[in-house]
Amino acid sequence: MPNHPTTPQPPGLRARPVLCAVGCLAAALACAPAARAVGGPSAECPITPAAVSTPLVVAVSTAPGVLGTRPVTLGPCRLPAERVRALTSGASGPPVLFVEGIRAPRGADVLVFVDRPGATAATPTTDAGYAGAFTLLGGAQAAEGVSLRVPLGPALAAALRDDGAFTLTLVAAGPQAQTGDAGVSFQRVSLELR
Amino acid sequence: MEHENRGTQDSGGTAPSRRAFLTHAGALAGGMLAAGAAPAAAARAPRVAGGPTLAEVIAERADRVAAMYPPVVRSDVTTFTEGSAQLTNLKNGVQTMRGRTSGPLSWGGQADIHRIWCDSPPVPNAYVHNSWRFLVWHRAYLYFNEQILQAAAGTTSLTLPYWNWTVNLALPAQYYGTGNPLNDPTRRMGPTGRLDPAQTAISRLLSLTDFPSFGGTATAAGGLEVGPHNYVHRTVGGNMGAFATAGLDPIFWAHHCNVDRVWYLWLALGGGRANPVDPAWLNQTYPFYDTSGRSFNISFADAAALPVTYNAPPRVLSLSGQRVRLAQPATVRVRVPADLALSAAATDEPPPVLHVSGITMPTDEGVTVNVFANREGATAATSTSDRSFAGSFTLIPTGHPHDGVELRIPLQNQVPQMLKANVAAGASNLSLTLVPVGGKTFGYESLEMEVR
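As they're listed, the protein sequences go chains A and B.
The first sequence: position 184 = 185 (my numbering), numbered continuously.
The second sequence: position 22 = 36 (my numbering), numbered continuously.
What the hints contain is simulated information worked out from the structure, not anything from laboratory work.
Be careful, since some hints might not be right.
Said to hold, decoys possible - Some chain B residues close to chain A (C-beta under 10 Å, calculated; not the full set):
#1 C132
#2 S145
#3 V181
#4 A184
#5 R218
#6 G236
#7 R248
#8 P321
#9 T323
#10 N325
A virtual CB, placed ideally from N, CA and C, is assigned to each residue, including glycine.
Produce the entire structure from the sequences given, and follow the hints as far as they go.
The structure is reproduced here in structure tokens:
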């Protein structure tokens with residue numbers, strides 16, 4: 002993981018508090034799940050309401066993370082009931098994953114799964130939980146950090162449970178996944194719903 | 015930085031001089047600074063009473079740009095068949111450019127434009143990837159490279175082909191082969207390789223209606239770039255796998271023409287889809303080279319309006335493949351891919367054609383069959399002046415059994431417009447109802463619809 006001279010290096014997976022107020026990384030943490038409000042948004046994933054020209058934003062993870070050979074599962078988060086209805090009925094456009102501050106100097110291929118905490122690079126894109134993917138080419142800009150949006154497929158709508166809860170699992174795939182450390186870090190992950 | 019093997023094939027020489035780029039980069043920096051001076055204020059400025067609407071401004075710009083730059087119509091690479099003039103011209107143009115050892119008109123020189131602005135821009139933060147610059151910069155890059163390629167090939171009839179990787183998962187065979195100027199031996203993807211259709215699908219992208227999610231913002235990449243675009247780059251690998259060398263592989267140009275085509279399709283869908291109107295986007299300028307090797311700047315506003323269109327090769331869609339005898343109206347349904355639906359709606363394209371084969375000709379009485387589009391309740395009483403009437407054909411008795419006749423019936427112009435209007439999530443649904451008139455029996459073996 003390259004050290005960046007002006008930005009704090011994202012903490013490793015082990016450097017996390019026991020109680021996760023926001024953005025619980027379920028992959029490798031001894032994290033007691035916070036109490037989940039019944040019938041309302043999850044406290045772990047703050048929601049910014051939609052405005053005239055901005056989407057509703059669900060902060061899936063506001064804590065920096067590292068995507069190595071082990072997948073990273075974010076959430077669980079919960080969508081408001083009306084948004085669940087809009088997604089499951091097809092009335093709204095596709096949800097958009099917004100990942101900020103990604104550093105991938107060697108490039109990366111990342112698969113996104115919904116409610117598949119056990120997903121790996123071997124999980125096929127034909128899996129019902131496959132929601133989308135994004136790829137980064139390496140280089141100077143990717144080393145400095147980029148942000149991106151990628152629309153997610155119907156897996157999210159299909160997976161939403163009665164309480165609107167879901168998890169997202171990011172999996173490093175492609176040639177990088179076979180060489181060990183994928184060398185990908187990110188600052189924030191959110192879901193945008195229009 | 016990921017360094018794939020740089021091409022060992024004659025790459026056509028070195029980059030345009032860095033001095034030349036830095037000279038123009040100064041102008042670029044000035045333009046960028048001016049654009050960024052008050053973008054938010056300009057974006058919120060009220061329309062001047064009596065002044066043009068935004069739509070009028072866009073239309074005027076499109077007219078002005080079209081008058082300055084010759085239009086191009088790009089075709090699917092599958093139409094560049096072996097021995098065709100298109101493929102011969104393409105190879106000749108590339109070979110000529112590869113033979114130039116240096117300068118912006120050389121193959122390597124053109125590739126170096128990509129290296130500079132994608133990996134090591136002379137102006138801070140002027141990267142053309144991972145932001146809203148991506149689509150529009152590459153549109154200009156393709157267009158002016160195409161002009162140079164036409165000059166190299168000695169014909170303006172040559173246009174860059176596109177590789178429709180949503181449909182054709184293999185890298186086109188025209189781009190392989192020893193001694194082939196379109197080949198690149200550094201590729202990781204071989205002739206038998208296949209892309210993952212889940213990652214080259216565009217229906218989800220087309221269903222987006224906001225540019226930030228589709229094409230990016232000032233600070234974030236959009237789904238088209240980080241989805242199929244980047245995926246194809248990484249999967250093909252070799253020179254294609256890195257910004258610095260991607261332009262050296264001839265498949266780069268066919269790949270990016272398809273990316274540009276997806277943008278073109280997205281805008282054609284309408285429904286609120288539009289390019290940014292922020293002056294911070296519109297007023298940015300970047301340098302390119304003309305066919306004389308002279309550098310010039312073009313704004314994103316003008317680059318977005320470059321007169322580029324795409325056609326789709328005709329595709330035959332099966333409607334019914336079983337023998338049918340109709341005495342009553344019957345409906346067949348077809349799902350038309352979005353790109354084909356939009357191509358069919360282009361005003362200069364011939365209408366879709368209904369192809370009926372294996373017809374059982376009547377021996378005693380004639381039969382007229384009326385065809386209605388998206389009118390599943392049509393009957394013999396439905397008037398042919400109804401908007402849904404799409405065409406008809408009449409079978410005249412021959413006096414003796416005569417089976418196996420084929421007919422091709424052009425469907426009327428509202429059918430393509432229906433296809434366009436009905437596009438959603440990557441495809442358009444169409445139904446055709448065949449109505450034998452007078453209660454006569456009409457039989458056929460198969461129905462197909464040919465769409466251009």
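Checked hints:
no. : hint : in the structure
1   : C132 : holds, 7 Å
2   : S145 : holds, 8 Å
3   : V181 : violated, 17 Å
4   : A184 : violated, 18 Å
5   : R218 : holds, 5 Å
6   : G236 : holds, 6 Å
7   : R248 : holds, 5 Å
8   : P321 : violated, 29 Å
9   : T323 : violated, 25 Å
10  : N325 : violated, 27 Å
When the structure is compared with the earlier hints, violations turn up for hints 3, 4, 8, 9, 10 and for no others.
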